[in-house]
Amino acid sequence: MAKLFAVTIVLIAIASAIPIVMHTWPLPQDISIHGHLIDEQFADTMAEAGISFLASQLLLAFFIWKFSSPKPGDKIKSFPGGSMGLVVAAFLLVGTEVLALGVFGAKAWGSVYLTAPAADAVQIQAQAGQFAFYFRYPGPDGKFGPIHADQINEANANFFGIDTTHDQDSKDDIVTAEMAIPVNREIHLLMHSKDVGHSFYVPELRVQQDFVPGLDVSLHFTATKVGKYEIVCTQLCGLGHYNMKAYLEVKSQEDYDAWIKQQAALQ
Amino acid sequence: MATTVHEAPKIDFDRLPSQGSGNGGWRDLGPAGGDLRRVKPSSPPPASTGIWVGLAAITMTFAAFTSALIVRQGAAPDWQHFTLPSILYLNSLIIIASSITLEVSRRQIAAFMGSAKTEGTAPARWLYVTLSLGLLFVAGQTFAWLQLRSQGFGLATNVSYSFFYVLTVAHAVHLLGGLGGLVRVIGKLNHSVLRRSTLNATSLYWHFMGVLWLYLLLLLWMKL
Amino acid sequence: MHDMSAHAAQHGAPTSFIRKHVFSLDHKVIGKQYYALALIAAVVGMFLSWLMRIHLGWGNFAIPGLHLLSSTGAPGNVMTPEYYLQLMTMHGTIMVFFVLTTAPFAAFGNFFLPIQTGAEDMPFPHFNMMSFWVTFVAFVVMVAAFFVPDGPSLGGWTQYAPLSAVGAVGGPGQGLGVVLWAASIGIFCIGQLLGSLNFITTTLDMRCKGMSLMRLPLSAWGWFITSMMGLTAFAVLMPACILLILDHVAGTSFFVASNLVINGQILPHSGGSTLLWQHLFWFFGHPEVYIAIVPGMGIVSHVLITNMRRPMLSHRVLIYSMGALAVLSYMVYGHHMFVSGMNPVSAIAFSFPTLVITIPSTIVVLIWLGSLYGSKLRINSASLFSLGFISMFISGGVSGFFLAQPSLDIMLHATYFVVGHFHLVMGVAAMFGIFAGTYFWFPKMTGRMMNETLGRVHFWLSFVGAYCIFMPFHYLGMAGNVRRYQAFTDDYLIPLIPVHKFITVAALVTGFVQLIFIYNLIYSRFKGPVAPSDNPWEGTSLEWSTATPPPHNNFGDKMPVVYHDPYQYSVEGASADYIMQTSPEKLTNPHEEK
Chain A
1 MAKLFAVTIV LIAIASAIPI VMHTWPLPQD ISIHGHLIDE QFADTMAEAG
51 ISFLASQLLL AFFIWKFSSP KPGDKIKSFP GGSMGLVVAA FLLVGTEVLA
101 LGVFGAKAWG SVYLTAPAAD AVQIQAQAGQ FAFYFRYPGP DGKFGPIHAD
151 QINEANANFF GIDTTHDQDS KDDIVTAEMA IPVNREIHLL MHSKDVGHSF
201 YVPELRVQQD FVPGLDVSLH FTATKVGKYE IVCTQLCGLG HYNMKAYLEV
251 KSQEDYDAWI KQQAALQ
Chain B
268 MATTVHEAPK IDFDRLPSQG SGNGGWRDLG PAGGDLRRVK PSSPPPASTG
318 IWVGLAAITM TFAAFTSALI VRQGAAPDWQ HFTLPSILYL NSLIIIASSI
368 TLEVSRRQIA AFMGSAKTEG TAPARWLYVT LSLGLLFVAG QTFAWLQLRS
418 QGFGLATNVS YSFFYVLTVA HAVHLLGGLG GLVRVIGKLN HSVLRRSTLN
468 ATSLYWHFMG VLWLYLLLLL WMKL
Chain C
492 MHDMSAHAAQ HGAPTSFIRK HVFSLDHKVI GKQYYALALI AAVVGMFLSW
542 LMRIHLGWGN FAIPGLHLLS STGAPGNVMT PEYYLQLMTM HGTIMVFFVL
592 TTAPFAAFGN FFLPIQTGAE DMPFPHFNMM SFWVTFVAFV VMVAAFFVPD
642 GPSLGGWTQY APLSAVGAVG GPGQGLGVVL WAASIGIFCI GQLLGSLNFI
692 TTTLDMRCKG MSLMRLPLSA WGWFITSMMG LTAFAVLMPA CILLILDHVA
742 GTSFFVASNL VINGQILPHS GGSTLLWQHL FWFFGHPEVY IAIVPGMGIV
792 SHVLITNMRR PMLSHRVLIY SMGALAVLSY MVYGHHMFVS GMNPVSAIAF
842 SFPTLVITIP STIVVLIWLG SLYGSKLRIN SASLFSLGFI SMFISGGVSG
892 FFLAQPSLDI MLHATYFVVG HFHLVMGVAA MFGIFAGTYF WFPKMTGRMM
942 NETLGRVHFW LSFVGAYCIF MPFHYLGMAG NVRRYQAFTD DYLIPLIPVH
992 KFITVAALVT GFVQLIFIYN LIYSRFKGPV APSDNPWEGT SLEWSTATPP
1042 PHNNFGDKMP VVYHDPYQYS VEGASADYIM QTSPEKLTNP HEEK
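Chains as they are written, first to last, in this note's numbering: chain A, 1 to 267; chain B, 268 to 491; chain C, 492 to 1085.
Among the hints, erroneous ones may be present.
Said to hold, decoys possible - Below, computed lysine-lysine pairings styled on DSBU-like, alpha-carbon distance capped at 35 Å:
hint, chain 1, residue 1, chain 2, residue 2
1, C, Lys1077, C, Lys511
2, A, Lys143, A, Lys75
3, C, Lys511, C, Lys1049
4, A, Lys3, A, Lys66
5, A, Lys261, A, Lys225
6, A, Lys107, A, Lys261
7, C, Lys1077, A, Lys77
8, A, Lys77, A, Lys143
9, A, Lys3, C, Lys511
10, A, Lys261, A, Lys143
11, C, Lys523, A, Lys75
12, A, Lys107, A, Lys3
13, C, Lys992, A, Lys245
14, C, Lys992, C, Lys511
15, C, Lys1077, A, Lys71
16, C, Lys523, C, Lys1049
17, A, Lys171, A, Lys107
18, A, Lys66, C, Lys1049
19, A, Lys143, A, Lys66
20, A, Lys251, A, Lys261
21, C, Lys992, A, Lys228
22, A, Lys143, A, Lys107
23, A, Lys171, A, Lys225
24, C, Lys1049, A, Lys3
25, A, Lys251, A, Lys228
26, A, Lys245, A, Lys107
27, A, Lys225, C, Lys992
Keep in mind the hints are simulated off the structure, nothing from the lab.
The task is simple: from the sequences and hints, build the whole structure.
Written out as structure tokens, the structure is:
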């Protein structure tokens, strides 16, 4: 029974590792300039976690196999080195390991969150509401008009509560339901929630950030590959949460300019 | 005329020496057949430990309220400052006075328990005074709530009022627990079954309510 | 706090049925009541998980009779999107609060902590009785949400504001459902505070003669450390619940910001802080994870030692590690909020203590493994579940490496990776701890033995089944599969649906296997063979020195005196394989840490 158990642990440990080693479900492709930092950090962490996982599971299995059928005269043996050896090992091996992970991980994190967006970054405002994203481009003046909550009206597609009759800055703003961005240019995303908490998650872009009602947060990133990707909501926002999504289109600069023109004409 | 009994002895000689808990959990370790290790000779009665544990929990609760207040005040510019009802300062004097009368009472009872007499005047008078002051405090708080309400400042008027009501009501609810404890102490005193640890725990709780109130008053005075 | 200690010694054995079995002051009865409550809650929670898994695998499948549960939530027996979320919320809440907190901590702790410390009862038995009945009321209030018009809340067990605070406009169940949820959890907090008060005071003040703190068994240490966490964590969650209820019923603005627009209407709140709820919730929420797992660590250590016939390599180091976990658990809660809009610098500040938690966790695992080395391991249902616990704790623990890092959390936050992580480490592992405790202590609690064959069948299928369910969750998470979705309609999620189907089948099978356990439990309670002795596993701690089941005051007319450290197994030169704590035998070579 014990030996079978030991074998089972080994089999489960190996079976668990196979999809990782074989990349059966790989990370989504990376289309951002900072993503490689996250991916490298992920690979390092996976190596360390994987080794810890396999080593301890196999050790567990081995000890169960070895010590579960004692003969009557057997004496208890103590692990060489005793508990202090293990404590020291834990501090040295795991302690340095997690310290290294923490330091390198903080660097990767800092590259996304602790840098300021470039002054010439493309400014886009995103608004999340139950259960859709909308995006606003500032138009030629480069300025967003203010949001008037009392003027938000989905029936006449005024999703942002823009007052074009009174606010000069709002007159040329462009509101869209999908997000298009130029490739290889930094995007400065200003995030506003209309109602409850939502989140902006594009796995390929290696970004995830919550929309915080009452607190506008910003995010900046640069996409490096032209294509069409999905923006999904990861913060439970109500019954339509699963269906809250929008498309992110990464376009070449020319295509992007044409698209902006076309959208401006539609306003 | 009520009488009171002496504090139950730490060691109840009617029981076997090997009987451990229930009489304050004494656990002095005399030499025995085994490798008994020396630990402290006796432990305090559970009430005197339990009260500190309970106060720790109450402290955490009000720490949570406090940090909520600070975070919420910083979250938005809608905070309305207002002048606290002046009766609160009178109430503070009342609760300080109640702590003093309780302390007087506690010492009287302790002295009575410590003396050799088995009969005598029950020093419960100051306990009644404390109880009355406690009730007066609750009445004063109620007056403050009613006064604010009559001025049109309700729980939802502004979040600063919300915090005022939440903190003062939460304190009053805890204080009512203390009043219940005082009533219990008086009852036990009158039936001569009061333990010193019960009296001490109840007074500690009551003093804590006073300190907590002064802290809350300071917090509200600074923030509101 | 009133002094009820007089009753600890004085309350005699009750005679009426009500005082004996319903409103009992006896910690053993209260422990069993908690166990029964946890069992009922676990069945409900598991049933909900079945419904959810069926819906995730085969969304259009009509589950026969589901409309009886909610005609609006499941018209034609097919779950609506909101009903899925409502069931999910209830599954999480019931499992975390009413199973993982009550069973390993309140149930076993109540029954065995006073016995293992050598006390006649808890010091405040009335508080203890209130603790259970308050928790029971909390459970009734929670389940009552199923039967109110809009059903239970759909906000998830974390009840993030402002969705939880805006009221009925937020969606079905966000009105009365949330109020019931918050009321139930607030009441639950009171129950656990009363329980923790008793646990701490019992450990500090009620120990019998000779029982120093370090002579307490590891299970008692687990409960003691947990009770200190419970005292501080639940004391914070309760005010949070009060503020949440006020936002609902009194129109206050603690959590709802200004100018929020739902259904074209501006909400009548202003300035509330979204992050305030998260801070208050996770200040409780992270210690709660350890409240669920630390009693399991204690129970499993206790069970393993008895079955390894040797003490742990170091009693003290295990205790200190569990204590370190408890202390660190308060410093790391921000790792739940890396992408919440919190200051990104504080993410780094929260990341390091989170990573540091791996050190005491590793020490605990290494001590377990190192103690297995050279032991004389006995295999039975209890020890199998303990070893399974270690395996699950390792598997669930290593994914913590990822989630402790804010940079990786960008990818993994709110995905199935997180779901896999916490299900393995605090769900399955804690459940295995409960099972280990049940198989181990059943003879002491009931005087009868559980069926060993059924126990092993239960173990094998649960062990393999749990891995089949929860390991794939990690792979899904790495592929970016978002949690709390009732269907997977995104282009990149559609290829993952077969994995969900596999998980659903595994979950259904593993769930059915738990019925074997319930059958074994109930059958053995009434028809199982009578325990051969008071000490069937040849244990050393105090629960094995007393009668089976223990008498009303735990030790009959002779209170115990403790002479030894708790685990004197295989002591050289001793008269027997194991020397009980109460044995006055002088040991020349005891297992002892100076």
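Hint-by-hint comparison with the structure:
no. : hint                 : verdict
1   : C:Lys1077 / C:Lys511 : violated, 40 Å
2   : A:Lys143 / A:Lys75   : violated, 80 Å
3   : C:Lys511 / C:Lys1049 : holds, 23 Å
4   : A:Lys3 / A:Lys66     : holds, 8 Å
5   : A:Lys261 / A:Lys225  : holds, 22 Å
6   : A:Lys107 / A:Lys261  : violated, 39 Å
7   : C:Lys1077 / A:Lys77  : holds, 23 Å
8   : A:Lys77 / A:Lys143   : violated, 75 Å
9   : A:Lys3 / C:Lys511    : violated, 46 Å
10  : A:Lys261 / A:Lys143  : holds, 17 Å
11  : C:Lys523 / A:Lys75   : violated, 38 Å
12  : A:Lys107 / A:Lys3    : violated, 45 Å
13  : C:Lys992 / A:Lys245  : holds, 23 Å
14  : C:Lys992 / C:Lys511  : violated, 48 Å
15  : C:Lys1077 / A:Lys71  : holds, 27 Å
16  : C:Lys523 / C:Lys1049 : holds, 24 Å
17  : A:Lys171 / A:Lys107  : violated, 41 Å
18  : A:Lys66 / C:Lys1049  : violated, 42 Å
19  : A:Lys143 / A:Lys66   : violated, 72 Å
20  : A:Lys251 / A:Lys261  : holds, 14 Å
21  : C:Lys992 / A:Lys228  : holds, 28 Å
22  : A:Lys143 / A:Lys107  : holds, 32 Å
23  : A:Lys171 / A:Lys225  : holds, 32 Å
24  : C:Lys1049 / A:Lys3   : violated, 44 Å
25  : A:Lys251 / A:Lys228  : holds, 9 Å
26  : A:Lys245 / A:Lys107  : holds, 30 Å
27  : A:Lys225 / C:Lys992  : holds, 33 Å
Of the hints listed earlier, those the structure fails to meet are numbers 1, 2, 6, 8, 9, 11, 12, 14, 17, 18, 19, 24, in rising order.
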